[in-house]
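Protein chains: 2
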Amino acid sequence: MSALRVAGAQLPNVVGDLDGNRERIADAMRWAEIEGADVLLLPELALTGYPLEDLALRGDFVSAVKEALNALAAESRSVTTILGTIVAVPPRRSWDIRPRSVANAAALLCDGEVRGIYHKVLLPTYGVFDEARSFAPGTEPAAVWRIGETVAGVCICEDIWSGDGPAEAQASAGAQVLLVPNASLFHRHKPEGRLALAAAVARRNALPVVYVNCVGGQGELVFDGGSLVVDRNGEPRFRAEQFDPTRFCVDVEAAPPRPVSPAVKTVHTRACADRAPISLPASPPQLDDLEQIWRALVMGTRDFAHRSGASTAALGLSGGIDAAVTAAIAADALGRESVLGVAMPAAGSPPRDLADAQRLAKQLGIGFQVVPLDAMMSAFEGALAPVLEGSPAREVRHDLLARMRGATLLAISEELGHLALATGNKTELSTGSATLHGDMAGNFAPIKDCPKTLLYRLARHRNARGTVIPEEILSKTPSSLLRESVSLPPYEVLDAVVERYVEKGEGFQEIVRCGLDPIVVRGVLQLIDDAEPARRLIPPGVKISERTFGKDRRMPISNAWRPFSAEQARLAPNQGPASAPATPKA
Amino acid sequence: MSALRVAGAQLPNVVGDLDGNRERIADAMRWAEIEGADVLLLPELALTGYPLEDLALRGDFVSAVKEALNALAAESRSVTTILGTIVAVPPRRSWDIRPRSVANAAALLCDGEVRGIYHKVLLPTYGVFDEARSFAPGTEPAAVWRIGETVAGVCICEDIWSGDGPAEAQASAGAQVLLVPNASLFHRHKPEGRLALAAAVARRNALPVVYVNCVGGQGELVFDGGSLVVDRNGEPRFRAEQFDPTRFCVDVEAAPPRPVSPAVKTVHTRACADRAPISLPASPPQLDDLEQIWRALVMGTRDFAHRSGASTAALGLSGGIDAAVTAAIAADALGRESVLGVAMPAAGSPPRDLADAQRLAKQLGIGFQVVPLDAMMSAFEGALAPVLEGSPAREVRHDLLARMRGATLLAISEELGHLALATGNKTELSTGSATLHGDMAGNFAPIKDCPKTLLYRLARHRNARGTVIPEEILSKTPSSLLRESVSLPPYEVLDAVVERYVEKGEGFQEIVRCGLDPIVVRGVLQLIDDAEPARRLIPPGVKISERTFGKDRRMPISNAWRPFSAEQARLAPNQGPASAPATPKA
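Chains A and B supply the protein sequences, listed in that same order. Each residue of the first sequence is one higher than the last, beginning at 1 in this note's numbering. Each residue of the second sequence is one higher than the last, beginning at 1 in this note's numbering.
A couple of the hints might just be wrong.
When chains are identical, the list treats them as one kind, so a pair holds in a single copy or across two.
Claimed, not checked - Quick list of in silico lysine to any residue cross-link-like pairs, SDA-like style, CA-CA up to 20 Å:
1. Lys362 with Val62
2. Lys66 with Gln509
3. Lys66 with Ser565
4. Lys265 with Gln286
Just so you know, these hints were derived from the structure itself, not from any lab.
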C-alpha cells in the first residue's frame, strides 16, 4: 500500500464571508486535484470562519452555509476534501434546557457529493471559547471513514486533546491515520505545546496525525498556522510556516490496517494510483518567541484593519515606548506610507518628547503632524471653571488632556479615513492607569496584551532588523504610571505580579510566596480589581498571552471580593500603595 | 402531619461580598428561628452573589467561600437553611478537556453542621449565562432530603425547567415538596413566564413548589425577586414583592408521602412542633409592564452606583427625551439632590433645547449647570485645521461635539465625585447613531436597553405619579438619528425591526414577511451589523429586554456576513438607506 497523500491549506478565512471563504476553498480543491492528493485537509470552520459566536445561532446564516457547502460538494472531484463547517442537526439538549440545533462539523466531500459528516464532540468552553453556547456536541466519537485503501479518523481540534476521547475511540475503531482540522489560537506558549500534544496523540494511538490550522487575525484573536504532520511514533515530519496562508502536500505513511468497526463509513473505494512518492517538503526554522509575538501583532493589526475596511491608520505619538512600538507594528502591518503619527503636545510636555516623536516618525518613515493642545485645554478649563469653582485637580487635568488627545485623534481619523490606534499597554490596563475614553480611545489597541517590559524587548528585537525605534526612546525612563494617590513598584515587579494574578490566576499567598513584598502585592491586586469597569471599555487588541483582558477573563464588573483576607490586609495597614479611590474613576 | 413552614428571604446579595452576604444570611437565619420555620430557603449563590463569572475559577475565592460556609453552618440551629453557594468538587471533565472543580450548590445547614449538599445539574450557557464555563454539573439529580417528617427535593433554578430533569427525578425519588433557590433575571416578559413554569412543574410532579429569587442590580443584570409558592395543583398561593428584599413565611402543604429512594439523606428527624397554622400572607398586586421596567431601571442604576462606591451622579441634559428619562431614573435611584444635570450648548444648538433642559432640571429638582462648548469647539477646529486642511466635515464635527460633551461630563464627574451617566438608548446603539467615546462616554448607561418608543411610554408612566418630565420635551419631535449618508425610517418602524432582528433573532425574510419595506429593512440590518465595533465600547446599562447588547448577544466584532442574499440586495440597488461607510466609524 502506498502512502496517503495529504494536502493541507492554512486558509486565511474570514468570519461570515461565505463567498470569499468558498472561493478560497474551491481554489484549494482545484490545487489539491492538480497535486494528485488523496485528501485535502482544511481548517476547522473553514467555510464560515472562526469563531462564529452567536452568528452560529442565526437560522438564516445556517441556511446560507448549507447552500455554500452543497455548492462546494458539487465542485468536488476525486480528492476527498475535509472541510470545516457548521451543519444543522436535530435539536438536542445537553448541559442546560435549551436545545442546540447546530454542530461544529467536518464534511467529507468527494465525487460531487457530501459523503459524510463528523460532528465535533468536545466543545471548548473556557478562555475565549464559548462553543457549548452554540453547538450540540457530536454523538459519534468513534466514527471512522474508508478513504480508498485507508481507514481515517477525523477529529476537530479539542477532540484530540482529552487522552480518552474521539482520537482514542477512532483508533480503536480502526483508524490508521488521524486527520485534524483546527482553529488554534496563537499565544506565546502555544507552538511547543501543540507539537508535544500532537506527538502524544500519535504515540498513544500508534497512528500518524495531520493537524491543519488556519491563519489570520479575527477580532482579538490570531490564528498562526504552524500545521503539523507527526508520524505514528510521535516524531515530527513536517511543520508548516506560521503566520502565512501556505499550502503543503505530504505523503503520510498510515498505520498498518487494524480491525475496523462495522460502523465504518465509505467515502470511496478507489485504489491509490500508482505513483512516485513525493519528498517531504522542508520545514521552516522555528521562529523565536519575540519574532512570533511580533508577527502576531502585525498580522492581528493588519487583518483587523482590512476586515474593518481600513487600509490606513493614525495614532498619537507621545515620544514614549508604547506609541513607538504601536507605530512600528502599524508600519509593518499597513506599510509606512499608510500610517500617520500625530504628536499632541500641551503646556508642560517635555520638549524632548516632541523631538523623540518626530525622530521616530522620520526613522519609521511614517507621516507626522503636530496638533498643540494648549488652546483646547485653556478653553476647557475656562468653560469648566464656574462648575468646578476653579481649576481641575491635577489628576482630572491629566485625564482631560488624555481625552483631548483621544478626541483629536478620532477627529483626524474620521475625517481622513484612518483606523484610529490606541497605544495603551497591558501594564497600564491592569492597574487602571489608562484614561477611560482617553489614552484608550480608538478602534484598535495593538499592544493591549503586551506588558511594558515586553515592549522594550520587542522594540530591540524589531530594531535588530533595521533600527526603526530611536535609541533615545528606548533609553529614557518611561513616565510613571501616575495616579496622585498611588505609588507603584518598578515595571519588572508590576509585570511579574500582573502575570501571576491575571494570566496564571494565582492568589495573594502564592504570589507573595515567591518573595515579592506583600504590601506591594496587595496594593497592585487591589488596583487590578478596581480597574475592571474601565477595562470593559477598551478597544480590541491582539491576544498574545495565555489570558488577555476581555472574553478571556470574565470578571464581574462590580465585585466586592478582595483577593487578600482581612488578616493579610492588616500586614501593614498604613503603608504601601493606597487603594484606588472609592469614587469610580471616570 | 402539619404543614412544612418555609421561610424565604429575597436577599440583596452582592457578588464577592462574602462578609456582607454572610451577615445578611445570618440575620435571615436568626429571623427564621424566631418565626419557627422548618426551612429557610435562600436564593441561588446567596453566599457568593450571582453571577460570579471567572471569580468562580479562582482557588483563593473558593477557599474563602468554604470558610464562610462553615462559619454559617456553625451558627445554624433547628431551622434547616438551604443556602446557595459554590463548593469544591473532585475535578471532572464534561463537554471539553478542562476539568471543572467547583459546583453551583445548595448547602443544607442544620444543628451547627452542613448536613448535605446538592449540586446543580443543568448549567445555563446561553444569553448572559456562562455556567458551563465555571461549574462541574451535579451527578445526583435524584437526591432527596428527609427534613423532619417531610421528604424534600432541592433544585437550583435551571434544574426545574427541563420537564424531564432533576425536579422529575426528585419527585420520583419521594420528594413531597420542591424547594428551589434561584437567581432569576428580570426582563420584560419574565414574571408571567416564571409563574406558568412553576405551576407546570408542580402539576407535572404533583407537589408544591417554593421558588425563592434574589433581588438587586449586579452590573447589567437586575434580579427582581417575585418569589413564588405554588401548591401541588399548580395554583399560585403566594407571590412576594418584586424589586424588594422582602422576607416571607408560609405553611406549605406537602404532597402525601410517597415511596422514598433508599438513597434519601437525612437532615434531621425531629417531628414538627405542635403549632397553630399561620395564615397565608397577602400577595401584592402584580405590577404592570411599565412599572416593572421603571423599577428595574431605578434599582439597576442605584445598585450599580452604590456597588461602585458612588452616591451621586451627573449627566448631560440635551433637552431631549433620552436625557430626561435618564435624569428621572437617576433622581428616583439616588435622590434628586444627588443628581447634577449639565447642559452643554454649542453654536447652532436650538435655544429651546437649553430652556427645556433647564425646565426639566427644575421640575425634577436636580442640580443644573451650563457649560457652553463654543470656545472649546473653536479651539479644536483651529488646532485641527492645518491637519484637516480646513474645517471638519459636518459629521466629524457632530462627533467632535459629542466627544467634547463626554469629556466635559467626565471631568466634572471625576472632580466632583459623581457617577457619570451616559444617555444613549437602544435604538441609537442598534443603528450606530451614538458617537464612540462621545454620547456613550460614562460609567453607566441606564437606558441602553430601552428603545426610543419605549422611552416615551416610560416618561408618561412616570409622569402619572407627578410630572417630572416637561410636556415640552414629550411633545417635540426628537432630533433625527442623523448620519449624512443615511436616512432612517420613523422610530416605530426602526424599533420594530430592531426588536425582530436583535431580540428575536429573526432573519431578513421573516422580518419582511410582516409587511415592512424590504429596502428599509435591508438598510437597517446593515446599520445594525456595521455598528458592532462601536457597541463593544459602551458602558454597562440595565438589561430589560430578552436580549440586550453585550454578553447577551455575542456577535463577531468583524463579520463579513450580510443577513440578506445578493439577490435580496438587488431588490432596488440604488434606493434605500446607504450602508455605513466602509471606513470604520471612529
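Practice task
Taking the numbered hints from earlier one at a time, note which ones the structure violates and give those numbers from smallest to largest.
Solution key: 1 and 4
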